[in-house]
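Q: These are the residues of each chain, in order.
Number of protein chains: 2
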Amino acid sequence: MRNYIDNNKERFMKELFELLRIPSISSDKAHKGDMTRCAEKLTEMLISAGADSAKVFPTKGHPVVFGEKKFSSDAPTVLVYGHYDVQPVDPIHLWKSDPFEPEIRDGAIYGRGANDDKGQLFMHLKAFEYLVREKKLRHNIKFLFEGEEEIGSDSLAEWAEAHKEMLSCDIMLVSDTTMISEKVPSINCGMRGITYMEVTVKGPNKDLHSGHYGGAVANPINMLCKMIDSLIDDKGHITVKGFYDDVVELSREDRDLLGKAPFDMDEYKKFLDIDDVRGEDGYTTLERTGIRPCLDVNGIWGGFIGDGSKTVIPSEAHAKISMRLVPNQECGKIAKLFADHFKSIAPAGVRVDVKEVHGGNGFLIPISSPAYKAASRAISEVYGIDPVPSRGGGSIAILADLQHILGADPLLMGFGLERDTIHSPNESYLLSQLFGGMESIALFYKYF
Amino acid sequence: MRNYIDNNKERFMKELFELLRIPSISSDKAHKGDMTRCAEKLTEMLISAGADSAKVFPTKGHPVVFGEKKFSSDAPTVLVYGHYDVQPVDPIHLWKSDPFEPEIRDGAIYGRGANDDKGQLFMHLKAFEYLVREKKLRHNIKFLFEGEEEIGSDSLAEWAEAHKEMLSCDIMLVSDTTMISEKVPSINCGMRGITYMEVTVKGPNKDLHSGHYGGAVANPINMLCKMIDSLIDDKGHITVKGFYDDVVELSREDRDLLGKAPFDMDEYKKFLDIDDVRGEDGYTTLERTGIRPCLDVNGIWGGFIGDGSKTVIPSEAHAKISMRLVPNQECGKIAKLFADHFKSIAPAGVRVDVKEVHGGNGFLIPISSPAYKAASRAISEVYGIDPVPSRGGGSIAILADLQHILGADPLLMGFGLERDTIHSPNESYLLSQLFGGMESIALFYKYF
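Respectively, the protein sequence lines represent chains Z and R. If you use this note's numbering, the first sequence corresponds to residues 1 to 448, in order. If you use this note's numbering, the second sequence corresponds to residues 1 to 448, in order.
Chain Z with its partners taken away, still in its complex shape (with noise of 0.2 Å):
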């Protein structure tokens, strides 16, 4: 593999960046056709891979695309799961290239989908071009690419349903996780849920001048801000009655051997400039996001927020609030507790509404698994050492519905790094971590 990328690299970064071009923001509705555009552009790939055949598939929301090259009906059968679908590009005016206008800088790509998911999902479609070209395909191979996994996957769970016997695999391939650094690989061995809701607080029927009414009425924003302040309280534990009664507490042996990924908390904190971390009493920094849920705000506003100033208390104040959770925790079932219990905490002169924005589950893997041990020796040979188990803290909501509905488990062989900022302003993805994600993808093929 190493050679046909050497021998490849040119004609790999055109399509890529051809990719990459197409601004496929799943949650800006100004952008469906760009999802389509996408969707069909990864068909045009997938056929030119080699791929028996591949089509766009439409869904309730953005379409899915799925392909696949079967090999013998002796073989197993891996079905690779990724998402084509980009996070939204604000705030642009901190991007030092155009999002959707890729360009190499110090060994790594950037712009919006450079890591998440393109540039991961492109990592199979090159491993399996290889395997077809040099006739080296052994396994039955399958490409389920959606276009909502940023805003939830809220049409594939159902489509996947309808669709299980095309689907049907042994196990899922997922390149959409981070390593823990490029001299420290590791596979993501578990995924936290999420649960995401929006709040609106309403106060008086119309916008007051804060000089009339100030000191006199429950101001919307003030509100807003005391009901959040009290969701965490002073030893980081989330207030929401109810929220951690699923929660599983992991052994001390268990959470030695998560223990022992390395983390230099002097670099951790450089990296993100800040003087010092936050987070629950009792656990640590790779705890808290690994093993531990939380409760973060995504979003908020209400009143004047443009220049200069302006005297209103308004009339509503709003907040996007996620809640990451671990397995066994349901997102519906906390969905549901966080709304009682937001409800529950208004005070006296506000309204409350609150919705849910959309949930998924979180999920374990086994690491005593034939995918995993192949992956970890795949990995091991092209990165020179053993990688560790991790957990990540993130969620692909989907994969746990996929699990329950398909029967096989997910693998996460994923070749992110930190330093890659997804979802933020310059995103990237280091060269060195797509060519080294194709090489291992290739091997796991060889050991699986």
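Wrong hints could be hidden among the right ones.
[To be verified] Listed next, the in silico EDC-like pairs over lysine to aspartate or glutamate satisfying Cα-Cα at most 16 Å (straight line): (1) Lys-343(R) - Glu-330(R); (2) Lys-14(R) - Glu-101(R); (3) Lys-202(R) - Asp-275(Z); (4) Lys-355(Z) - Glu-356(R); (5) Lys-32(R) - Asp-307(Z); (6) Lys-206(R) - Asp-273(Z).
It should be emphasised that the hints constitute simulated quantities derived from the structure, not laboratory data.
Chain Z is already provided as a structure; the job is to place chain R on it using the hints.
A: Coordinates of chain R only, in the frame set by chain Z:
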């Protein structure tokens, strides 16, 4: 004056609407040209109403309009103060008609500035026109219209200091406030000051993926909410250290006198559609807005605020926070106390920027003065009932400065009503108040 109004009503409406159509939003640089256009329009209106001279004066900010008509060096001189700038119009979608295309509905003019302050200053132009044309003028009258009242009157004090001879007067007459109700006319005998701040809470040096970092780093939005919530305690007291040091507690007698102003709590709550009021323990609603300081968040923003969802921990979160001050509190001192306090409460993991946007002091005016008595008699004659003295919750920052520079007290004859929702969508001004105001102003000159 009543006859004069009846005979000229249509022309009055045409002239006022021309003024209202100019989008003189002082806080928005895009409207710089409109500010000049509005100032020039006012000089034309002054001349056509009968002024000897009227001129636009440049300042370091938006221009000032000054005009005058001399009657006799023996006669008292009245300086009419008003402002031609208006508030921004967002949220624009809540307006039932174009804010800059005024229209009359149900006996009221709807449009930005209909009341604040174009409608109210227009009453003075027309009462003056009446006195001149009907040869009833017995005072020297000066007009001072500024274009920065809504953004803190930054330039006017310096300009007034440089032109204090030209502005010299015995009293300042101002219509930029409200009456308690149409049935309970009132004269404002004090206003609150203001200190308006903008704060930024900075966390990590980039937006972060809330899955990878959620639970482990201080989220600037959550921290901003925590800090804001801590600014007011459970008794409604502002916690900024030293904030109340200069607040003068009113005597039981003074509070009883002000308590004579009628107030219907059920009507108040119904007007605002709120189930309860909220404020400082131990004070009534009118006291909370009239004689006590307060703190409100006027705007807040951070993270992802578009449609849908984005799983981000933002690098920064922002808020505009203003405090209404009572006489004897000094706005600059309060700004410093606030900045020091806000920085001192920043939790580990975030840094804080605080800047002062604008400020102005509050003031009190004596109800035993000849001017107050003349105004009271005039209003009593028009409304059929004696006006009550009241304390306004709003701020006209510049009046305390002008009082100091010119050595003349302001007299606040305001004819706005709560229903006018100034600073909000669908600002309005009742025709009955517009004309009642004109009549009261004409009579004021008769009795002063």
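Q: Check each numbered hint from earlier against the structure, then list the numbers of those it violates in ascending order.
A: 1 and 4
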